[in-house]
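Novice: Top to bottom, those sequences are chains A and B. First residue of the first sequence: 19, per this note's numbering; consecutive thereafter. First residue of the second sequence: 829, per this note's numbering; consecutive thereafter.
Bear in mind the hints are in silico, worked out from the structure with no lab data behind them. None of these values were measured; they are calculated from a predicted model. Treat the hints loosely; a few may be bogus.
[As the list claims (entries may be wrong)] Simulated pairs of lysine to any residue, SDA-like, Cα-Cα distance not exceeding 25 Å: (1) 52/A <-> 916/B; (2) 70/A <-> 945/B; (3) 39/A <-> 880/B; (4) 935/B <-> 948/B; (5) 70/A <-> 28/A; (6) 52/A <-> 69/A; (7) 52/A <-> 935/B; (8) 885/B <-> 26/A; (9) 39/A <-> 868/B; (10) 945/B <-> 67/A; (11) 935/B <-> 95/A; (12) 924/B <-> 92/A; (13) 935/B <-> 96/A; (14) 885/B <-> 52/A; (15) 39/A <-> 943/B; (16) 70/A <-> 875/B; (17) 924/B <-> 26/A; (18) 39/A <-> 897/B; (19) 945/B <-> 99/A; (20) 924/B <-> 84/A; (21) 70/A <-> 888/B; (22) 935/B <-> 953/B; (23) 885/B <-> 62/A; (24) 916/B <-> 61/A; (25) 52/A <-> 934/B; (26) 945/B <-> 42/A; (27) 26/A <-> 869/B; (28) 945/B <-> 41/A; (29) 70/A <-> 99/A; (30) 39/A <-> 70/A.
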Amino acid sequence: MKRAHYEKDGVLRPVLQVIAKDPLQHSETELIAKVDSGSEGGLMIPFDDHLKLGLQRLEEPGSKLVARWVLGLTMRQRASRGVFEVGS
Amino acid sequence: MGTIAVRNVDEGLYRRVKALASLRGRTVGEELNDALATWLTQRTRVELLDRWDAPEKQAVANNRAFEKMRSDLLASHPGEYAVFASRKLVGVFRRKEQAYRAVSGLKGAQAIVANLKASEPHALEIGASLLQEVIG
């Protein structure tokens, strides 16, 4: 892997180099994913990458997934299955 | 930092920027750099919102169509995959790969591939460090 961490405010934070693909593996994009030990399930990607991979046409029903942030804030998510390659 | 000449700048506007910069103890160049950076950030968000709009409208319509048929589909095709696009049921498929292939031939900005099984909405817990990334 090319990067194992990045630094913010003097704190080293872990990252993973990920290749994200649509489920049929027709398109792909490379991402640097930040590892969040407090989160569970899935990879959150920017909307731009969601569109680039065509995932907006393979979405799961909208009522199915919400993100619950610390402090109780909830946010509906656009969710799709995808293929993620980690490591070389 | 480079030096550039810009034509057709509104002189009144420029005088006000110069006066304000002077009051703040900053140069016109520093104020312009801030203003351009802000303009770029806002412009990016507007374009993102434009691109968000069409898929979001279709997502609302497709989700509505799915919710109307959900209980019937759950009863008649349990475990299978229903595809909704352009507010209509496109088809029901036994395997998700078949559903994905069906979607790839369709027009439209958004489509839903729903696995027909009873499930509660899932809450994804987002940790504090990721929240910090988002709010900067």
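Novice: Work down the list of hints and note, for each, if the structure agrees.
Specialist: Tested hints:
A distance of roughly 38 Å separates the Cα atoms of residue 52/A and residue 916/B; the hinted pair therefore is violated under the 25 Å criterion. For the hint linking residue 70/A to residue 945/B, the alpha-carbon distance of about 29 Å lies beyond 25 Å, and the restraint is violated. Distance hint between residue 39/A and residue 880/B is fulfilled; the C-alpha atoms sit about 20 Å from each other, no more than 25 Å. Taking the CA atoms of residue 935/B and residue 948/B, the gap is near 30 Å; set against the 25 Å cutoff, the hint is violated.
About 33 Å separates the Cα atoms of residue 70/A and residue 28/A, which puts this hinted pair outside 25 Å; it is violated. Under the criterion of a C-alpha separation no larger than 25 Å, the hint pairing residue 52/A with residue 69/A is consistent with the structure, at around 20 Å. At most 25 Å may separate the alpha-carbon atoms for a hinted pair to count; residue 52/A and residue 935/B exceed this at roughly 34 Å. Note on residue 885/B and residue 26/A: the hinted pairing is violated, with a Cα-Cα distance of about 37 Å set against a maximum of 25 Å.
The straight-line distance between the Cα atoms of residue 39/A and residue 868/B is roughly 29 Å, outside the 25 Å bound, and the hint therefore fails. For the suggested pair residue 945/B and residue 67/A, the alpha carbons sit about 28 Å apart, so the restraint of at most 25 Å is broken. Note on residue 935/B and residue 95/A: the hinted pairing holds, with a Cα-Cα distance of about 23 Å set against a maximum of 25 Å. Our distance criterion of 25 Å between C-alpha atoms is broken by residue 924/B and residue 92/A, whose separation comes to about 29 Å.
Distance hint between residue 935/B and residue 96/A is fulfilled; the C-alpha atoms sit about 19 Å from each other, no more than 25 Å. The suggested pairing of residue 885/B with residue 52/A is violated, with an alpha-carbon distance near 30 Å, which exceeds 25 Å. For the suggested pair residue 39/A and residue 943/B, the alpha carbons sit about 20 Å apart, so the restraint of at most 25 Å is met. Using a Cα cut-off of 25 Å, the hinted pair residue 70/A and residue 875/B holds, with the two alpha carbons roughly 15 Å apart.
A distance of roughly 40 Å separates the Cα atoms of residue 924/B and residue 26/A; the hinted pair therefore is violated under the 25 Å criterion. Between residue 39/A and residue 897/B the alpha-carbon distance is near 30 Å, which puts this suggested pair outside the 25 Å criterion. For the hint linking residue 945/B to residue 99/A, the alpha-carbon distance of about 16 Å falls within 25 Å, and the restraint holds. Annotation: proposed proximity of residue 924/B to residue 84/A holds, straight-line Cα distance about 22 Å (limit 25 Å).
Simply put, residue 70/A and residue 888/B have alpha-carbon atoms about 21 Å apart, close enough for the 25 Å limit, and the pair holds. Between the alpha carbons of residue 935/B and residue 953/B the distance comes to roughly 34 Å, so the proposed pair goes past 25 Å and is violated. For the proposed pair residue 885/B and residue 62/A, the alpha carbon gap of about 21 Å is at most 25 Å, so the pair holds. Pair hint residue 916/B plus residue 61/A does not hold up; C-alpha atoms about 29 Å apart against a cutoff of 25 Å.
Taking the CA atoms of residue 52/A and residue 934/B, the gap is about 34 Å. The hint is violated against a cut of 25 Å. A C-alpha spacing of about 22 Å is found between residue 945/B and residue 42/A, which places the hinted pair at or below 25 Å, so the restraint holds. With a CA separation close to 21 Å, the supplied pair residue 26/A and residue 869/B stays within the 25 Å bound. For the suggested pair residue 945/B and residue 41/A, the alpha carbons sit about 20 Å apart, so the restraint of at most 25 Å is met.
With a C-alpha separation of about 14 Å, the suggested pair residue 70/A and residue 99/A falls inside the 25 Å cut-off, and the hint holds. As the CA atoms of residue 39/A and residue 70/A are separated by approximately 10 Å, the hinted pair is consistent with the 25 Å bound.
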